[in-house]
Amino acid sequence: MPNTLTNVQDIKVAQRALQPFTAALTPMRAFSTNFSPDPANKLDTVRVPIVSPPSQSSDFAGNYTANADSTVSVIPVQLTRHKFKTVHLTAREASETGFNVLDTLVSAAVKQLAQDVLQDIFSEITAANYGAPVIAALAPAAFDYKKLLAIREACSAVKMPVTDRALILDGAYYTNLLGDDVVAKGFVPQVVQPGIPENGEKLVGFAAHPSGLAVAMRYLVPAAEYDEAGAVTDPETGLTFGYLRYTETQSNRVFVTVECLYGFKTALPDGIKRIVKP
Amino acid sequence: MKTLEDRLATVVALLPAQEQPRFTAPLTVGESADSRLVDAVRVLAKAEGLACMTPGEFARAVAQHAAQRSMPAADAPDTDAPVDEDSPDSLAARFASITDPRAQTAFWRSLTTEQRAAILKAQ
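From first to last, the protein sequence lines are chains A and B.
All residue numbers for the first sequence refer to the working numbering, where the first residue is 1 and numbers rise by one.
All residue numbers for the second sequence refer to the working numbering, where the first residue is 1 and numbers rise by one.
Hints listed in this document are in silico derivations from the structure and should not be mistaken for laboratory results.
One or more hints might be untrue.
To be verified - Using C-beta positions, here's what the derived DEER-type ranges look like:
#1 A:Pro278 <-> B:Thr99: 24 to 30 Å
#2 B:Leu111 <-> A:Pro278: 37 to 43 Å
#3 B:Ser90 <-> A:Ala224: 31 to 37 Å
#4 A:Ser95 <-> B:Phe107: 29 to 35 Å
#5 B:Lys121 <-> A:Ser156: 55 to 61 Å
#6 B:Ser97 <-> A:Thr65: 43 to 49 Å
#7 B:Lys121 <-> A:His88: 22 to 28 Å
#8 B:Thr99 <-> A:Asp44: 17 to 23 Å
To be verified - The list that follows gives simulated cross-link-like pairs (lysine-lysine, DSSO-like), each with its CA atoms no further than 30 Å apart:
#9 A:Lys147 <-> A:Lys12
#10 A:Lys277 <-> A:Lys146
#11 A:Lys265 <-> A:Lys159
#12 A:Lys111 <-> B:Lys121
#13 B:Lys121 <-> A:Lys85
#14 A:Lys202 <-> A:Lys147
#15 A:Lys12 <-> B:Lys121
Here a beta-carbon is modelled for each residue, glycine too, at the ideal position from N, C-alpha and C.
Generate coordinates for the entire structure from the input sequences, incorporating the hints supplied.
Have a look at this one:
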């Protein structure tokens with residue numbers, strides 16, 4: 001059974017929605033991932049490769065295989081999560097609207113779905129999984145470049161590689177950081193993520209390396225017959241959501257459901273350093 | 001080391017008997033042992049059934065061959081017309097043949113706004 005959409009109207013709606021979906025899930029780049037539109041069922045297991053920091057280079061002594069690293073390990077991640085959002089359109093709504101309202105509805109639903117998925121994944125970032133906060137709890141107004149340097153130092157202390165490091169912050173902390181003269185005049189790359197879940201531990205951000213968290217995503221093949229069903233995927237990242245369209249003839253409504261099948265698992269505890277508020 | 005004359009004598013000895021006298025006659029004005037050797041080799045090749053032509057002979061042979069093989073231009077029927085790969089029907093057919101979601105996204109992104117509109121209109 002092919003897992004692609006066949007109706008061009010649906011493809012247009014889905015492709016338009018794919019952009020906010022991938023944009024909202026940009027912070028996923030901070031983690032190790034295995035995303036694909038390949039079909040899978042809930043509770044299936046996906047192997048996510050984790051690349052650990054390499055050891056130091058060796059001086060050549062006649063053999064290239066000496067001190068070979070074995071730094072790629074694999075973490076099995078079970079696809080335990082299945083989130084969806086459904087939107088619907090009545091005949092009256094369709095006729096009273098000049099533009100294609102379904103495009104807008106589905107795009108908004110997919111964006112919300114992505115944000116909910118991200119929040120769910122962030123729920124894994126707890127003290128039990130990653131230990132004590134990297135710096136003392138602080139309010140947004142106290143988050144300046146000196147605190148950023150302290151986080152950097154703590155990351156280096158646990159040998160977190162500089163490359164691929166990411167800093168994900170709550171909006172208020174990021175805003176205060178941008179107001180700092182040193183940061184504002186410099187080029188410090190950050191990823192802002194308003195709405196980080198506190199996880200009951202006052203989480204407001206974290207520094208991360210891909211080795212800290214493994215995330216997997218697949219396409220859940222529907223069991224029932226739908227007017228249209230298929231996977232919508234970003235070829236570069238593999239980020240995928242499922243698209244289902246069906247009609248309810250009694251009420252003359254069209255429904256579109258977007259869904260996401262995924263799972264996540266803690267990898268190396270030193271791969272993520274938490275930031276908390278008082 | 002063999003001289004040109006020796007080589008010419010060797011080749012002439014291999015020629016059919018009726019061809020030999022003109023290569024054993026004294027050299028005429030404007031003729032050299034070198035040019036006579038080239039002619040003798042060419043005659044030998046023809047005698048052996050090989051196509052060995054001067055550039056002029058070759059050009060004439062090609063022209064004659066082409067004239068025999070060529071056909072008058074005829075209007076091709078519509079069914080044989082080349083397929084317009086950018087036509088809405090063709091693009092829609094290519095969409096229908098895609099079974100990989102990655103390829104579908106890549107193909108959609110490769111289309112211009114006009115092509116997308118044309119496909120949607122066609123469907």
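Holds or violated: lysine 277 of chain A with lysine 146 of chain A, Cα cutoff 30 Å?
Judged against 30 Å, a Cα distance of about 16 Å means the pair holds.
Is it true that the CA of lysine 202 of chain A sits at most 30 Å from the CA of lysine 147 of chain A?
OK: lysine 202 of chain A and lysine 147 of chain A at ~17 Å, within 30 Å.
Pairwise beta carbon distance, serine 97 of chain B to threonine 65 of chain A, judged against the given window 43 to 49 Å
holds, 46 Å
Looking only at beta-carbon atoms, does the pair serine 95 of chain A, phenylalanine 107 of chain B fall within the given range of 29 to 35 Å?
With Cβ atoms ~32 Å apart, the hint holds.
Cβ separation of proline 278 of chain A and threonine 99 of chain B, checked against the hinted range 24 to 30 Å:
Once the Cβ atoms are compared, 54 Å apart, the range 24 to 30 Å for threonine 99 of chain B and proline 278 of chain A is violated.
In this structure, is the beta-carbon distance linking lysine 121 of chain B and serine 156 of chain A contained in 55 to 61 Å?
With a Cβ separation near 58 Å, lysine 121 of chain B and serine 156 of chain A satisfy 55 to 61 Å, so the hint holds.
Holds or violated: lysine 265 of chain A with lysine 159 of chain A, Cα cutoff 30 Å?
holds, 21 Å
Tell me if the beta carbons of leucine 111 of chain B and proline 278 of chain A are separated by a distance inside 37 to 43 Å.
Given range 37 to 43 Å: violated, Cβ gap about 53 Å.
With 17 to 23 Å as the target window, see if threonine 99 of chain B and aspartate 44 of chain A comply at their CB atoms.
With a Cβ separation near 21 Å, threonine 99 of chain B and aspartate 44 of chain A satisfy 17 to 23 Å, so the hint holds.
Given hint lysine 121 of chain B paired with lysine 111 of chain A - CA-CA distance at most 30 Å
With Cα atoms ~28 Å apart, lysine 111 of chain A and lysine 121 of chain B stay inside 30 Å; holds.
Under the criterion that the straight-line Cα-Cα distance not exceed 30 Å, is the pair lysine 147 of chain A, lysine 12 of chain A satisfied?
violated, 46 Å
Quick check: does the Cβ-Cβ distance between lysine 121 of chain B and histidine 88 of chain A fall within 22 to 28 Å?
The hint (22 to 28 Å, Cβ to Cβ) holds, given that lysine 121 of chain B and histidine 88 of chain A are roughly 26 Å apart.
When each numbered hint is compared with the structure, violations occur for hints 1, 2 and 9.
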